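*Asks:* Sequence:
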Amino acid sequence: MNIEKILSISGKPGLYALKVQTRSGFVAESLIDGKKITVGMKSNVSLLSEISLYTYTEEKPLVEVLRAIAIKENEGAAISHKEDNDKLTNYFLEVVPDYDQSRVYPSDIKKILNWYNLLQSKGLVSKEEPKIENADSVKEEVVKEVKAKKATEKKTTAKKA
Numbered sequence: 003m004n005i006e007k008i009l010s011i012s013g014k015p016g017l018y019a020l021k022v023q024t025r026s027g028f029v030a031e032s033l034i035d036g037k038k039i040t041v042g043m044k045s046n047v048s049l050l051s052e053i054s055l056y057t058y059t060e061e062k063p064l065v066e067v068l069r070a071i072a073i074k075e076n077e078g079a080a081i082s083h084k085e086d087n088d089k090l091t092n093y094f095l096e097v098v099p100d101y102d103q104s105r106v107y108p109s110d111i112k113k114i115l116n117w118y119n120l121l122q123s124k125g126l127v128s129k130e131e132p133k134i135e136n137a138d139s140v141k142e143e144v145v146k147e148v149k150a151k152k153a154t155e156k157k158t159t160a161k162k163a
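Just so you know, we're using the working numbering here: the sequence shown kicks off at 3 and counts up by one.
No lab work stands behind these hints: they were computed from the structure.
Note that the structure is a prediction, hence the values are computed from the model and not measured.
For every residue, glycine included, the Cβ atom is placed at its ideal position computed from N, Cα and C.
Check the hints yourself; a few may be wrong.
[To be verified] Lysine-lysine pairs mimicking DSSO-like chemistry, simulated, CA-CA at most 30 Å apart:
| hint | residue 1 | residue 2 |
| --- | --- | --- |
| 1 | K7 | K74 |
| 2 | K44 | K74 |
| 3 | K124 | K14 |
| 4 | K124 | K44 |
| 5 | K129 | K113 |
| 6 | K74 | K113 |
| 7 | K89 | K129 |
| 8 | K37 | K7 |
| 9 | K112 | K44 |
| 10 | K44 | K14 |
| 11 | K74 | K129 |
| 12 | K7 | K113 |
| 13 | K62 | K7 |
| 14 | K21 | K37 |
| 15 | K89 | K38 |
| 16 | K84 | K38 |
| 17 | K124 | K7 |
| 18 | K14 | K37 |
| 19 | K89 | K112 |
| 20 | K44 | K7 |
| 21 | K37 | K129 |
| 22 | K74 | K62 |
| 23 | K62 | K113 |
| 24 | K89 | K124 |
| 25 | K14 | K113 |
| 26 | K113 | K44 |
| 27 | K37 | K89 |
| 28 | K44 | K89 |
| 29 | K84 | K62 |
| 30 | K21 | K89 |
| 31 | K44 | K21 |
| 32 | K14 | K112 |
| 33 | K129 | K44 |
| 34 | K112 | K129 |
| 35 | K89 | K14 |
| 36 | K62 | K129 |
[Said to hold, decoys possible] Label-pair distances were calculated between CB atoms; the ranges are:
| hint | residue 1 | residue 2 | range |
| --- | --- | --- | --- |
| 37 | S82 | T24 | 29 to 39 Å |
| 38 | E130 | G16 | 17 to 27 Å |
| 39 | S54 | P15 | 16 to 26 Å |
| 40 | N76 | V22 | 34 to 44 Å |
Full structure from sequences and hints, please.
*Replies:* Printed below as a string of structure tokens:
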């Protein structure tokens, strides 16, 4: 499972694949409909490879949770994220028995299952060990772009004498 360039953008539905970086942000392609959008540096963007789930012992990377769902479903689709909360909670307990029920809300479970089903429909899930070798370099690229953008904004918004 290779999700190092898969993004979740706050305020936008679904998941996006990082395509190209620009000087004012980057271009991402929707996994839902294939449309490309430009995303500014002020947008709240999360790499799926950087997201973790609370458990009673430690934080579990999202990629491991997605892999556990793939193993349970034999790489098929999971239950719908539109099921009732009790059914979702029971399903998630089968997948991740030690998840922290006081810190992981049903809305989080719905989001994870929605993401899994979207990735599964695009053939991006597998039972293999997770591959996130370049996740740090992708994150560093995004962070460098954000810092560069903020530095240029400070220079252009400085008061003129």
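*Asks:* For every hint, state whether the structure bears it out.
*Replies:* Against the structure, the hints:
Among the hinted pairs, K7 with K74 is consistent with the structure: their alpha-carbon atoms are about 25 Å apart, no more than 30 Å. At most 30 Å may separate the alpha-carbon atoms for a hinted pair to count; K44 and K74 exceed this at roughly 38 Å. Restraint check for K124 and K14: satisfied, since their Cα atoms lie roughly 18 Å apart, inside the 30 Å limit. Between K124 and K44 the alpha-carbon distance is near 28 Å, which keeps this suggested pair within the 30 Å criterion.
With a C-alpha separation of about 20 Å, the suggested pair K129 and K113 falls inside the 30 Å cut-off, and the hint holds. Note on K74 and K113: the hinted pairing holds, with a Cα-Cα distance of about 18 Å set against a maximum of 30 Å. Our distance criterion of 30 Å between C-alpha atoms is met by K89 and K129, whose separation comes to about 24 Å. Of the pairs offered as hints, the one joining K37 and K7 holds, with about 16 Å between alpha carbons and a cut-off of 30 Å not exceeded.
Taken as a hint, the K112 and K44 pair is honoured in the structure, with Cα atoms around 26 Å apart against an allowance of 30 Å. The straight-line distance between the Cα atoms of K44 and K14 is roughly 14 Å, inside the 30 Å bound, and the hint therefore holds. At roughly 9 Å between alpha-carbon atoms, K74 and K129 fall within 30 Å of each other, so this suggested pair holds. Using a Cα cut-off of 30 Å, the hinted pair K7 and K113 holds, with the two alpha carbons roughly 18 Å apart.
For the proposed pair K62 and K7, the alpha carbon gap of about 19 Å is at most 30 Å, so the pair holds. For the hint pairing K21 with K37, the CA-to-CA distance comes to about 12 Å; that is within 30 Å, so the pair holds. For the suggested pair K89 and K38, the alpha carbons sit about 35 Å apart, so the restraint of at most 30 Å is broken. About 27 Å separates the Cα atoms of K84 and K38, which keeps this hinted pair within 30 Å; it holds.
Taking the CA atoms of K124 and K7, the gap is near 14 Å; set against the 30 Å cutoff, the hint holds. Between K14 and K37 the alpha-carbon distance is near 12 Å, which keeps this suggested pair within the 30 Å criterion. A C-alpha spacing of about 11 Å is found between K89 and K112, which places the hinted pair at or below 30 Å, so the restraint holds. Simply put, K44 and K7 have alpha-carbon atoms about 19 Å apart, close enough for the 30 Å limit, and the pair holds.
A distance of roughly 28 Å separates the Cα atoms of K37 and K129; the hinted pair therefore holds under the 30 Å criterion. For the hint linking K74 to K62, the alpha-carbon distance of about 17 Å falls within 30 Å, and the restraint holds. The straight-line distance between the Cα atoms of K62 and K113 is roughly 16 Å, inside the 30 Å bound, and the hint therefore holds. At most 30 Å may separate the alpha-carbon atoms for a hinted pair to count; K89 and K124 meet this at roughly 25 Å.
A threshold of 30 Å between alpha carbons decides the hint, and for K14 with K113 the separation of about 13 Å falls inside it, so the pair holds. Our distance criterion of 30 Å between C-alpha atoms is met by K113 and K44, whose separation comes to about 23 Å. Restraint check for K37 and K89: the C-alpha separation of about 33 Å exceeds 30 Å, so the hint is violated. Between K44 and K89 the CA atoms are separated by roughly 37 Å; this puts the pair beyond 30 Å, and the hint is violated.
At roughly 24 Å between alpha-carbon atoms, K84 and K62 fall within 30 Å of each other, so this suggested pair holds. Among the hinted pairs, K21 with K89 is inconsistent with the structure: their alpha-carbon atoms are about 36 Å apart, more than 30 Å. At roughly 18 Å between alpha-carbon atoms, K44 and K21 fall within 30 Å of each other, so this suggested pair holds. Between the alpha carbons of K14 and K112 the distance comes to roughly 16 Å, so the proposed pair stays at or under 30 Å and holds.
The straight-line distance between the Cα atoms of K129 and K44 is roughly 35 Å, outside the 30 Å bound, and the hint therefore fails. The suggested pairing of K112 with K129 holds, with an alpha-carbon distance near 21 Å, which does not exceed 30 Å. The suggested pairing of K89 with K14 holds, with an alpha-carbon distance near 26 Å, which does not exceed 30 Å. Between K62 and K129 the CA atoms are separated by roughly 16 Å; this keeps the pair inside 30 Å, and the hint holds.
The hint said 29 to 39 Å for the Cβ distance between S82 and T24, and at roughly 36 Å that hint holds. Between E130 and G16 the C-beta distance comes to about 24 Å, which sits within the given range of 17 to 27 Å. Restraint check, S54 to P15: a C-beta distance of roughly 22 Å satisfies the suggested window 16 to 26 Å. For the hinted restraint 34 to 44 Å between N76 and V22, the CB-CB distance of approximately 35 Å keeps it satisfied.
Checked against the numbered hints above, the structure breaks hints 2, 15, 27, 28, 30 and 33 and satisfies the rest.
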